[in-house]
Each structure stands twice: as structure tokens, then as C-alpha cells.
Amino acid sequence: MNRFILRRLLQSALVLLVMSFVIYGLIGLMPGDPLDVMVASVPGVTPEQIARLRAIYGLDQPLMLRYFHWLMAALQGDLGYSRSHSVPVLAVLAPALWTTCKLMLISFVAAVALSFVLGITAALKPGGWLDGAIGLVAFAGISVPVFWLALMMILVFAVELHWLPASGGFTVGDGGFVDQFRHLVMPVTTLALATTGGFTRFVRASMIETLRADHIRTARAKGNPPSRVVLVHALRNAMIPVLTVMALSFGSLFSGALLTETMFAQPGMGKLIYDAILSNDFNLALSGLLFATLITLLANLAADLAYAWLDPRIKL
Amino acid sequence: MSAASGIWARRWQRLRGHRAGMASLVLLALLLLFVLADVPLEAITGIDPNEADLFARFDPPSWAHPLGMDEAGRDVLLRLMVGGQISLLVGLLATLLGGMIGIAVGVAAGFWGGRLDALLMRVTDGMIALPLLPLLIVLGAVDLTKIGFSSEFAHSGAAGFWRIVVIIALVDWTAIARLVRASTMQIRERDYIRAARAAGAGSWDIIATHILPNIATPIIVALTLTVGRVILFESVLSFLGFGVVPPTPSWGNMLNNAQELVTTAPLLAVYPGALIFLVVMAVNFLGDGLQHAFDPRSEQPE
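Chains as they are written, first to last, in our numbering: chain A, 6 to 321; chain B, 61 to 362.
If you are wondering where the hints come from, they were derived from the structure by calculation, not from laboratory data. All figures in this text were calculated on a predicted structure; none of them were measured in a lab. Ideal Cβ placement from N, Cα and C applies to all residues, glycine included. Where hints are given, some of them may not hold.
[Stated by the list, open to error] So the derived list for chain B, only partly shown, Cβ under 10 Å to chain A, looks like this:
(1) 78
(2) 82
(3) 85
(4) 315
(5) 343
[As the list claims (entries may be wrong)] Keeping only pairs whose Cα atoms sit at most 25 Å apart, straight-line, the calculated SDA-like set for lysine to any residue is:
(6) B/206 with A/114
(7) B/206 with A/190
(8) A/107 with A/190
(9) A/130 with B/280
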């Protein structure tokens, strides 16, 4: 077991390392360079002075060397300075990370709960009208553009009905629990609805397969009430592949969170990365993307471990 | 049904029995007619969908402009048609390109196996683990002049179009690769392939004549589902400003300004998104129908 965890940790670290290099290289290809803001604020700067500044900041060095310096600093916890926020990158990242994790976790739990209810209901009578209706809803969830769903929710619940605030994390001057909750309702609903579609299909497929298994027939034959057969005997076994797939979908959940935050102006990682790229804030964009990758990798690792833990047939 | 009828005829029969699949096929055909209708419409009415008229901003629907005008005074209906052509074309091209990458990787890994397989699958797993949207945004933000394209090309509409096709293809090939690898490994050791090998066929011959045709059906289903995903990616990227750039319309970038306009002109935000939603939904149902049609077990006993 420990060796398996160790190997998976090393693998994840390797993916993160490769990604850090790829993203570092890509960020350098974005328009502008770290000097242009500095240069733009000083009229009459000469090309020689720019060249000297380049040398001072090490921008004239080859990519590999610059990457190596960045990596060494990053490993010691120095992710550089955010030029659009004028504070160290970590000072901006930490609160944003918290906002995003909150949004993702609440939406994830809501989506899992909803998809289990819908998926199990659909699996009870495959081909029935309820199954068809749930299938339609699930397909809608997979097919809807998340940002458009957000836009429509704003249109209906904020613009037309005035029920909920359209943007932000809290109202200035309030910020109490109820206020924060009201600001979270639409983002969470949007992300959860978009995630539920795929999840429901997994739960349904897994439940149908499990309900056909021999041990379910035995459980029924022994006179167990149908609710117990479905919710205890079948669900436990159906859950194993489903939970894995759900945890593996953290990457797309993050993509959804990025959009949801941008649409509802939530101060999270997604909006941070998006704004950082728009304002050429290289350090912030780089670190933000790496943290996004790290979260996804950790979720995948957790999925693997959960799989091994839930299924006693797998010996690590 | 006669036993002599070809395999594709039987599959077509099965697809016709799949109500949702057939409904989406009809819907897709109608949508295709809709987006192509701009050519005759432009010729008849003489309205240019890219021509702005600042005196006609937010004009309500009229006989000349059935869906009214947008924030720059352009005909909304015609722009929806042209934008649809772009969105659907991106969807098809990026799927084909990504499919080719995925098939190449999958066949290479599944057919030759060994270290190549281990390496390719590590790369694939690494890609699957990534949050795709942030990566796509970075790729979309790359300054083309920094990788050797002329400034003229980098700022043209064509560059915006091909860039989005290429970057989506670059990140969305992993599902196909895994599927192709698994299917290839399943049939790699079949007798007919051994027989071909014994008869002196080279690896490329075997791949082209025996492997690819035999794994075609799951690939077609997976590619269909990919089209839906790609159209969603295109709409998101264009919406955020990293994809198809105005004045070329796409369903995604038509929603660009819709967010600010949602209070003044809510319908401008409704139309393009609803069309994306419809197309992706139809494509997904069609994929479901094709899966049903390609699966011999779904044959109804007669």
C-alpha cells in the first residue's frame, strides 16, 4: 500500500514538473513581456537602457536557465511578485484558492447527491418514462454551455426577478453568513447542474449493471425488502466505479469553476487566472495554473486511493 | 430483413429504430439548412451581416430584420447563421484533427506496445489529469508573432480560426487515444492478423487493412461525442475572447457583449446560447443512437 502511494506521488510530482515547464514556456509566448509596463511608465527610455534592464532581470538568458532559476525559487516557496496586484503571488493566491475550493466542494457534494437520487431512480426501471425524462435532463446538463447557463440564471433570477445578487462574494457593509450564502446560490447551482448530467449517467449505468448481478438476485430471494436491496446491497457495489469517475472529473469541475467565477465575479482562482492572463501578469498566471494542476492531480490521487479502499479485491 | 443486406444497411435500420437518435439527426439537418440559409438570404436581401449601422442599434424585429439588430446595428438573424457556420466548422475540423492525433497515438501504443505504449500512455494520462480550460486559455493567448508567424497573419481572421481549431485538437485527443489503444490491443492477437503477418504483410498494411476498419465503429461514436465537446470549447474560448475574434461572428463570441447587455437586450444573450445548446444536445443524442446502431446486441428480435 505504502509503495503504491509513493509511486503515485512520484508520478504526480513528475506530471507537475513537466507541466510547470510547459506552462512556463507558454506564458513566455503571451503578448508583451515583463518589462513593458516598467518601460511604458518612463518616457524617453533608450534601447540601451532596456537592454541593461533585461540583463539585470535575467531576461536575456536562455529559456532553460530562466526556468531553472524560477523552479529553484518556487521550490523554496518564492513564487515571485504579482505585478497587477503589487503583492507577492501567494498573498493573492491563498484567499482565491479558498474561494474556489469552497465553490467546488459545495457544488461537488450537491452534484453527487442529486446524481445519486436521479441515477438510482432511473436505474430502477430502465426504459420507463421516468428513465427517459432523467436521461433528457442528464443530456441537457452535459450539453449546456456553462457560461450561458450562468448568463440565463443572471437574466432570470437577478435581472428579472431580483431574487439574488448577480455578482461578487458579499455585499460591502454586510458580508454576514446569509449574505455570503445568497451570493453563492447561483454559482453553486450553475456548477452543480452542469456537473450532475455526467454523474447521473455514470450512476445509472453502474446501478443497472449491479442490479443484474447474482448477489442481488440472492438478496431478493432471501426476502430483503426492495429498498434495502437497492440502497444497501446494490448501491455499495455500484459506488466503487462511480466515485472513481467522479473524483477523476475534478479537472473539468475546475474548468467549470473557472467559468462560473468569471461569470458571477467570484474572487476565486478561475477569475484570478483569467484576469492575470488578460493583464499579462506572468507570475500570477503561472502560479495559478500550477495550483490548478496540483489540485486536479491530488484529486486524482485521492480517487485512486479511494478505489483501493472501497474495493477489497484490489490489494496494493 | 434479409441476411444478405450489408452491415451498414442493418446499422441504418437499427439507427432508424432509435427515436432520440433519429430526432437529433433530423434536427441537425434542419440546423445545417438554417446556418447555410444565409447565402441565399444575403443574395436576395442584400444585407451584409458584418455591416454595422450605429443608427439601427437594438432595433426591434421587423420584416427586413426578423430578429432585430444587435449592439452594433447588425442583423442578428444573419449573424446567427454565419456564426453557426463558423462554430460548426470549428467543431468538425478540430474533431477530425484531434481524432487523427488520438488514432495515431492509440494505434501506436496498442499495436507496438512495450516502452512506446508506456510512454504514450503516461503522456495521455498526464493530459487527462489537466484542467483543460485554463490550458486552452493560455494556448489561446499565445502571441503568434513570437513563434515565427508574420504580424499580418497573426492578426487576420484566418489565424483566429485556425488557431482555435489547432489548440482544441491539441488538448482533446486523449479519450480517442485510450479508446483506440484498448480496441487495438483487443484485436492485435486475433488469428486473422496473425495470418496476415504470416503471409508477409507489413505492420502498416496490417494497421490500414485490418486494425483500423475493425475498430471504426467505436471511433465513430467517440468522434461524434467529441464534436459536441469541441463546439462547447469553441463557444467558451470565443466568449472569453481567446477564440474566433470579431468581426467574424461565432456563436461563442456573439455572447461576448451579451453579459453587459443582459439588462438592455436579453434576447441577444438567449439566441446564440440556445443554438449551441441545441446542437450539442442533438450531437450527444446522435452519438447515443449510433452506439445503439453499431451494437449487434441491440438488434430487435423479429
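We went through each hint and held it up to the structure:
1. With a least beta-carbon distance of about 13 Å to chain A, the hint placing residue 78 of chain B at the interface is violated under the 10 Å criterion.
2. Using the Cβ-Cβ criterion of 10 Å, the hint placing residue 82 of chain B at the interface with chain A is not satisfied: the shortest such distance is roughly 15 Å.
3. With a cut of 10 Å, the hint placing residue 85 of chain B at the interface with chain A is violated, because the nearest CB-to-CB distance is about 15 Å.
4. The closest approach between the C-beta of residue 315 of chain B and any C-beta of chain A is roughly 7 Å, which is under the 10 Å cut-off, so the hint is satisfied.
5. Using the Cβ-Cβ criterion of 10 Å, the hint placing residue 343 of chain B at the interface with chain A is satisfied: the shortest such distance is roughly 8 Å.
6. Between residue 206 of chain B and residue 114 of chain A the CA atoms are separated by roughly 43 Å; this puts the pair beyond 25 Å, and the hint is violated.
7. Of the supplied pair hints, the one linking residue 206 of chain B and residue 190 of chain A is violated, its CA atoms being roughly 43 Å apart against a limit of 25 Å.
8. Our distance criterion of 25 Å between C-alpha atoms is met by residue 107 of chain A and residue 190 of chain A, whose separation comes to about 12 Å.
9. Only pairs whose Cα atoms come within 25 Å are accepted, and residue 130 of chain A paired with residue 280 of chain B is rejected, the gap being roughly 29 Å.
Consistency note: the structure conflicts with the earlier hints numbered 1, 2, 3, 6, 7 and 9.
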